[in-house]
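> Each chain, letter by letter, is given below.
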Amino acid sequence: MAMMNLDSILEGRRSQPHMLVEVMLDLQDQEGYLPEEALKTVSKELGVPLIDVYRVAHFYKAFSLKPRGKNVITICTGTACHVRGSDLLVNQVKGQLGIEPGDTTPDGQITVECVNCVGACALGPIVVHNESYCKNMTPGKLRKKIDKAAGVKKEKKHA
Amino acid sequence: MPRVSHAKDLEIIRTQVDGKRNRARLEMVIPNGTCCQASGSAALIDAVRAELARQGLLQDVALRVTGCLGFCEQEPVILIEPGNILYCHVAAKDAAEIVSRTAQKGEILEQFLFADPVSGKRIQMESDIPFYKAQTRQLIRMHRFVDPFSIDDYIATGGYKAIAKVLAGVKPEEIIAEVKAAGLRGRGGAGFPTGRKWEEAHEAPGDEKYVICNADEGDPGAYMDRCLLEANPHEVLEGMMIGAYAVGANKGYIYVRREYPLAVKHARIAIGQAREYGLLGDNILGSNFCFDVEVARGGGAFVCGESTALMTSIEGKVGEPRAKDVHTVKEGLWNRPTVLNNVETWANVPSIMLNGAKWFASRGTDSSKGTKILALTGQVKNTGLVEVAMGTPIRTIVYDIGGGPKNGNKIKAVQTGGPSGGCIPERLFDLPVDFDALWDAGSMMGSGGMVVMDDKTCMVDVARYFLKFLQDESCGKCVPCRVGIDRMLEIVTDIAEGHGRPEQIPLLQELAETVAEASLCGLGKSAPNPVLSTLRYFIDEYTAHVHGRQCPAGVCKALITYAIDAEKCTGCGVCLKSCPHDSITGEKKKVHIIDAGLCQKCGICISECKFDAITVK
Amino acid sequence: MLQYVNVMIDGAPVRAEKGTSVLDTAIHVGVCIPHLCHIPGIHDMGACRLCIVEQVKNGRSKVTASCTLLVEEGMVIKSNTDKILKMRKNIAELLVAQAPNSKAIQDVAVRCGVKDVRYPFRNEDCVLCGRCVRICKERAKANALGFIGRGKDRHIDHPPGRLMDYCKNCNGCIMFCPMSVTPCGGPMKKGQERLCGQCDSQLNADAQKMPGVCVWCELGKGFQCSRYLAV
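Chains as they are written, first to last, in the numbering used here: chain Z, 37 to 195; chain X, 4 to 620; chain U, -1 to 229.
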């Protein structure tokens, strides 16, 4: 795995420590997360101490050190979305999937994240599902979207 | 692609584009920025294009896909010229009708026109719509003429004329004098006089200097910079070129947060095109000036909007700020003199050089010149990007432009300046949008986010929200910010959850003041602003929480109870189905009951109930 | 060839070596400015903010950390104004509330005038002063330790794998860690944290009555504060 795929990312950037963030962003985009072996290669090829590579990996929200789910559901928790009820969406997801933001469901289907503003503030609350933006979300709409993503078709029984 | 090696090459391109435009009988402009796409503009554009082809109108009717036009709440929109007709909330399925009736026959379709929320009257012309009337759209107005993927469009609007004029014989000192006389102040938040910043960088010793465009825009609720960069990236580039020439820099960076993939894409494309045309690179427009720009992406950190943190991020490190005892204009990126300015600041530069300082300074107040783009969002009817002359009262923006409260509730405050700013109560809405006036009121202009809050917003909760945000985003290096914010959050949480003690309020004030002065960087220094401004203007809400154990706005979970109103409940069962905590029971068509012990007050049932049958006490 | 500049510290003229920090200069002439993250001879971070002073320039005063502020000709520094003393006390109070289980931190807190702690104690075992990280990087040159994470998640850690793969066993991190000095009454259990108020700094001088006087605090003793070296 490692060397082949990393060549295109490392090309033109070897021994250039200042390219670390760009390299890691490309790696994250390509693999969906930052594999440990890849980070060791990056450290060596760019000439950055491994501890500093890890500092960068843990500092920026873009990076995930664990593989992400097939569906990444990102809830915007910026001010405008908050004032329009993004909390409800977070509660919905916690209740429905039983995971905290930042985690992935055990079956690897869905990762939930919160982000502090995606910049579509006039249309909040916003949920981004695998790069597609969904506006004016409600807990009901989100529940249906998650059910669809998880392949679930059940309906809650009325008493 | 032809090389642009002389100002007259720009004229040739301008004439070509104008010629092409004049051949079209009608123009349909459809914005396709990130928010527009979230509303479905991409499908609409495809549908319109297909219809124009199908109906044989491709020669007669020009379709221009642009960046944001500002009235985000009404999207997708189509702007039709001539006639300045605005169609709102258009769906892809409407394309056929619009093309065949309006484009072919000139018929106005009433159902798509903007409807005045009070009178119900339909308004045909965009310029007659109240949302636009009180605005002064100097920057945003240009977006309708420019397809962000076309450098020719930008040139046709007069683009790159300013840098051509500068390179033809304006000295760096003269540029700086002009920008100083214009009174341009940084649009990123701090409002530092731009001309003075450039002057200090110009005078700083060193051959290697840099200019940076700060497109990190981390303030939640602010998206002006995203729109400017998506819609008109060349204007920003041109501004940077002029600034670079003035201070003696040959390299520039546009630092874009990674949460803005479209802005990154548009900026990169624009840079590529400018290079192809010879407008970036060596010997620009036949002069000795060499300048190139690169896009650097953020990794997802609000603190990287701070200048020193941004620079260390470009250097490939973690975005931890450093103390600014020596300013970045002397020692910035790689310890070289660096001018860092916000996107909107750069975007204002070309028109200042073309139209002159007097023209720019003719708008605004004594201390704040020009216009400011604001992101008007929250509990207000007309949300979107709004550009006003400095000095416009907040009241005008919220009511005349914004159209008043969204849900009919009373408007209580606006929050300006993001997490570094504060809340301004309704009774102060006659204050003008002006750097100094907002600062004196305990808030700040910030980058331009203006979030409207109504009486269902709890100000203690607002303080808690911002503290949580800042706790998440703090780099953690210094004690006052890392530990101070944590402890302030602890106190505000106690208050919100009903355990607040009276002595915690003065402690909160004292701690906030220490954090504000002792923190290392701007994030920490401004972190207490939401707390300090809510304590200043909404102390009664804090007191209600502490002494009365009540949340007047009905938000703080620990202090409220949900109950179903037996008179309104129809037994439809929607709430029962949607409750993730299984706290609602009831039979079909019979009144349902909420078990207060299980109820987590998440609010989902309230948002689902169509009969308004759930009460909050 | 050493170059000197003239600065004013607390009203007294001082001849300072160019390239040194205000903090080093002050300690050298006997003015104690409390500090935690500073280690003589190691690059300063300006993280703890205990060493803040007021720099008076053009009639305005600016609060800044003296460890990262380099001396310049004509600089005017005030290290013990009421405003600074209050902020320093508040910062020290925050520190001791985070980690009371250290004689060094208790000493520094008392030195800064902390008498009551108004926040619930947390009994953390690290205050993120960064001394271990910088010793490891600059003296041992091992790069085995670093700050990982942001904001509340910030903590000290080593790269994945075993610490021993990177560590050179110099023990610098332990020697310079303020948490390695236990309080007089022994290690505190969770729920029994307190400011004992019995430390030598308290007994030597009432910190608030005589700001700027060296009280031979525990921090300086263990970690080679320049005051100790200067004597």
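One should not assume that every hint holds.
The following label-pair restraints were derived from C-beta to C-beta distances [stated by the list, open to error]:
no., chain 1, residue 1, chain 2, residue 2, range
1, X, Asn412, U, His153, 21 to 31 angstroms
2, Z, Glu136, X, Asp458, 46 to 56 angstroms
3, X, Lys613, Z, Arg104, 28 to 38 angstroms
4, U, Gly189, X, Glu570, 21 to 31 angstroms
5, X, Lys11, Z, Arg104, 34 to 44 angstroms
6, Z, Gln145, X, Glu570, 36 to 46 angstroms
7, Z, Tyr69, U, Gly159, 47 to 57 angstroms
8, Z, Tyr69, X, Pro264, 53 to 63 angstroms
9, Z, Gln66, X, His502, 40 to 50 angstroms
10, X, Glu113, Z, Ser44, 27 to 37 angstroms
By construction, these hints were calculated from the structure, which means they are not laboratory data. Remember, it's a predicted structure, so these values are computed and weren't measured experimentally. We treat Cβ as the ideally placed atom computed from N, Cα and C, and that holds for glycine.
> Against each hint, give a clear statement of whether it holds in the structure.
Hint-by-hint comparison with the structure:
1. For the pair X/Asn412 and U/His153, the beta carbons lie near 44 angstroms from each other, so the given range of 21 to 31 angstroms is not met.
2. Between Z/Glu136 and X/Asp458, the C-beta spacing of about 32 angstroms breaks the proposed range 46 to 56 angstroms.
3. Checked against the given bound of 28 to 38 angstroms, the beta carbons of X/Lys613 and Z/Arg104, roughly 36 angstroms apart, stay inside it.
4. Under the hint 21 to 31 angstroms, the C-beta atoms of U/Gly189 and X/Glu570, about 51 angstroms apart, miss the expected range.
5. Range check, X/Lys11 to Z/Arg104: about 53 angstroms between beta-carbon atoms, so the 34 to 44 angstroms window is missed.
6. Distance hint check: the CB atoms of Z/Gln145 and X/Glu570 are about 43 angstroms apart, consistent with the given range 36 to 46 angstroms.
7. A hinted range of 47 to 57 angstroms for the beta carbons of Z/Tyr69 and U/Gly159 is inconsistent with their spacing of about 19 angstroms.
8. Checking the proposed 53 to 63 angstroms range against Z/Tyr69 and X/Pro264 shows it is violated: the Cβ atoms sit about 18 angstroms from each other.
9. Against the hinted window of 40 to 50 angstroms, the Cβ-Cβ separation of Z/Gln66 and X/His502 comes to about 48 angstroms, which satisfies the hint.
10. A beta carbon spacing of about 55 angstroms between X/Glu113 and Z/Ser44 contradicts the range 27 to 37 angstroms that was offered as a hint.
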